[in-house]
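Undergrad: As a plain string of letters, each chain reads:
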Amino acid sequence: MNAPSAADQIFVILKHWLVGHTPAPLQTLVSIVISVATIIAVFGGLFALTTVFERKGLGRIQNRYGPNRVGPFGVFQPLADAVKSLTKEDVVPRSADHVVHYLAPLVLVGIVFLTYAVLPVGRNMTAVNLDTGVLFFFAVGTGTELAIFMAGWSSHNKYSLLGAMRAIAQMISYEIPLILASIAVIMTAGTLSTVAIVERQARYSGTLAHWYVFTPWGLAGFILFMIAATAETNRSPFDLPEGESEIIAGYFIEYSGFKFALFFLAEYLEMFAVSGLGITLFLGGWSAPFSFLTWVPSWFWFFAKLLTLIFAFIWIRGTVPRLRMDQLMNFAWKFMLPMTLIVILSAGIWRFLTPAVVGPKPLGAVIRWLVCALVILAPYIALARTLGGNRKIEKRTYRFAED
Amino acid sequence: MLGEGIIQGLVETARNFFGSYVETDRLTTVQYPEERLPLPEASRVFPFLLYDGSDPEAGLRCVACQICEKECPPRCIHIEKSKDKKPDFVGKQQFYPAVFDIDVSVCMSCQICVEVCPFDAIRMDDEFELSTTDRFGGLHWTKEQLSRPNEYYRTIHPTEAAETDERRVKELVDARAKAATAAAAAAAKAAQAPATGDTGNGATAPAQTGTVTSK
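For the record, the sequence lines run as chains A and P. Going by this note's numbering, the letters in the first sequence line up with residues 326 to 728, in that order. Going by this note's numbering, the letters in the second sequence line up with residues 1314 to 1528, in that order.
It should be emphasised that the hints constitute simulated quantities derived from the structure, not laboratory data. There may be inaccurate statements among the hints.
Unchecked claim - So the derived list for chain A, only partly shown, Cβ under 8 Å to chain P, looks like this: (1) Arg385; (2) Arg389; (3) Met490; (4) Ser581; (5) Phe583; (6) Trp640; (7) Gly643; (8) Thr644; (9) Leu648; (10) Ala709.
As the list claims (entries may be wrong) - Here are a few chain P residues that sit away from chain A, every Cβ distance over 12 Å (derived from the structure): (11) Glu1317; (12) Pro1346; (13) Leu1350; (14) Cys1378; (15) Ser1418; (16) Gly1451; (17) Arg1461; (18) Asn1463; (19) Asp1478.
For glycine and all other residues, C-beta sits at the position ideal for the given N, C-alpha and C.
Please build the complete structure, drawing on both the sequences and the hints.
TA: This is the structure we're talking about:
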């Protein structure tokens, strides 16, 4: 691997330069503050950008313009939104548990920001390089469920409680396929450290990178991971906890003004974080897809991939309608769970079908690919058949209400 | 196959997304303050008072009969009758409204005031941008704010205005013909008057016919 260029390391160099100008006893603290402030500023800014992208994207999908009033093409819409949410009255229900009601959005945002600590957004650009990075991510990420239940319970409202219960049921159910899908990667990489996982994928044979998404189990695992991530972040089509048409806004129905904006922020940050983890695990983190593109800065690759995934999220949201609760649970336990287990099996087979077993490079690689793909495809087809994929839809007949 | 429908849906939404940048006729939204659709002729929002000629005081058709005030379902019209009288379009002496106020915020655009008005004095306007920063005085429109010339009525509701104008011309012609026959009868009576010695009617009748024909 070539030595990283200055453009690649510009932010790392900048941080070292800033830290170098502070007195020695304060250097650790300053280093931490710089990292945290950068994460909050960058991903907070990305949140503002995403809200306007999402509204414009959904608009275009529905053949509308989307926001186009504030600034050129509506790009300053987030500023207007911020002013609006900051100047709104902060209503707290009289019967609410005031302390918990106040804490819930703060806890949620705090927890979501914690997960960014282990995300490698570029080469040498990880806030904390933990040996148990992925484990840390999931362990901390589970805390969002607590915050959501705090919000739902303390509001003392039927809808918010229903929303919170739905959220808990959904997030616990989908956390299992989410973690199982990433286990395949952890198994293959042999490490829990996010930095090491990316480094394993930042190698090239020929021109193509060793991203796990280029393997059959990686591709299936990535798709399953992103489906589970969509459910985990309560985004459409898995937005039952805040189904507007059923329970208005779910667990944050009793929040107004800036607390509401904090929930919104947390939701988007969660989406970025889990997308970031998906990029780290399957899409090679900050590495370039082709060896001749390695001169492009690593942080550019990470954010390009992140924006692509965000766009995919928006696209899905504009396409798929909301599920019903039983469909949601059936999908999690009858489809996602078996499929992720099969992905783990396929990853294991991939691990042991080395060139020594299947033969030399060109033909052996094809055999290895086909075998692993078959291991996933066959159960997928079988599952699709049994889960009502061939259900006939007939014209409904009415026995008593003929016209 | 499981997931096939979602792929089809994604293709459809992608087609819409990119299509909206290519085909402009996909975007049917009218960018309202800059672009406006022409209003249908029958559109109605809020009533106004009609006047003939150029002077809103002298030409105001309203005779303060207060029928609209009594018929108004939300009771948003307030009328105070004048003490004196002024001639209307056929020259007949009529009261006029000293005060004619309508509350914009109360009016429900039902057009009943227009239906009941026997003098074609009140009609519906199609002006819909009635927002104001003063929610008390700004929503309480006086006679001066409500008055519009007949030409304005012709521009916003041409068909209706033509029908009204035609009827009013006919009314005027009828009134003149009636006045002329009355004058003729009076003149005939006046011719006999010296014989009978009744001079009271003879003195006023020519003066009356004079005002009608001069209009």
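Undergrad: Now, for every hint given, state plainly whether the structure supports it.
TA: Evaluated hints:
1. Interface restraint check: A/Arg385 against chain P, minimum CB-CB distance 5 Å, threshold 8 Å, status holds.
2. The beta carbon of A/Arg389 is positioned within 8 Å of a beta carbon in chain P (closest approach about 6 Å), and the interface hint is therefore held.
3. The closest approach between the C-beta of A/Met490 and any C-beta of chain P is roughly 27 Å, which is over the 8 Å cut-off, so the hint fails.
4. With its C-beta approaching chain P no nearer than about 24 Å, A/Ser581 sits outside the 8 Å limit, and its interface hint is violated.
5. Checking A/Phe583 against chain P: minimum C-beta separation of about 27 Å lies over 8 Å; hint violated.
6. Interface restraint check for A/Trp640: the shortest CB-CB distance to chain P comes to about 6 Å, inside 8 Å, so the restraint holds.
7. Hint status for A/Gly643: holds, given a least beta-carbon distance of 5 Å to chain P, under 8 Å.
8. Below 8 Å, beta-carbon pairs count as interface contacts, and A/Thr644 has one with chain P at about 4 Å; its hint therefore holds.
9. Taking 8 Å as the C-beta cut-off, the interface hint given for A/Leu648 is violated, the closest approach to chain P being about 12 Å.
10. Look at A/Ala709: its Cβ gets to within about 3 Å of chain P, closer than 8 Å, so that hint holds up.
11. Its closest Cβ contact with chain A, about 8 Å, brings P/Glu1317 to no more than 12 Å, contrary to its assignment away from the interface.
12. With a minimum CB-CB distance of about 9 Å to chain A, P/Pro1346 fails to clear the 12 Å threshold, and the non-interface call is violated.
13. Here P/Leu1350 stays apart from chain A, with its beta-carbon at least about 16 Å from theirs, past the 12 Å limit.
14. Its beta-carbon lying about 48 Å from the closest one in chain A, P/Cys1378 satisfies the requirement of being farther than 12 Å from that chain.
15. Listed as a non-interface residue, P/Ser1418 keeps its Cβ farther than 12 Å from every Cβ of chain A; the least gap is roughly 24 Å.
16. No beta-carbon of chain A comes within 12 Å of the beta-carbon of P/Gly1451; the shortest separation is about 24 Å.
17. The claim that P/Arg1461 lies off the interface holds: its Cβ sits roughly 33 Å from the closest Cβ of chain A, which is beyond the 12 Å cut-off.
18. Distance check for P/Asn1463 against chain A: the nearest CB is about 39 Å away, which clears 12 Å, and the non-interface claim stands.
19. Remark: the non-interface label on P/Asp1478 is consistent with the geometry, its nearest Cβ contact in chain A lying 43 Å away (cut-off 12 Å).
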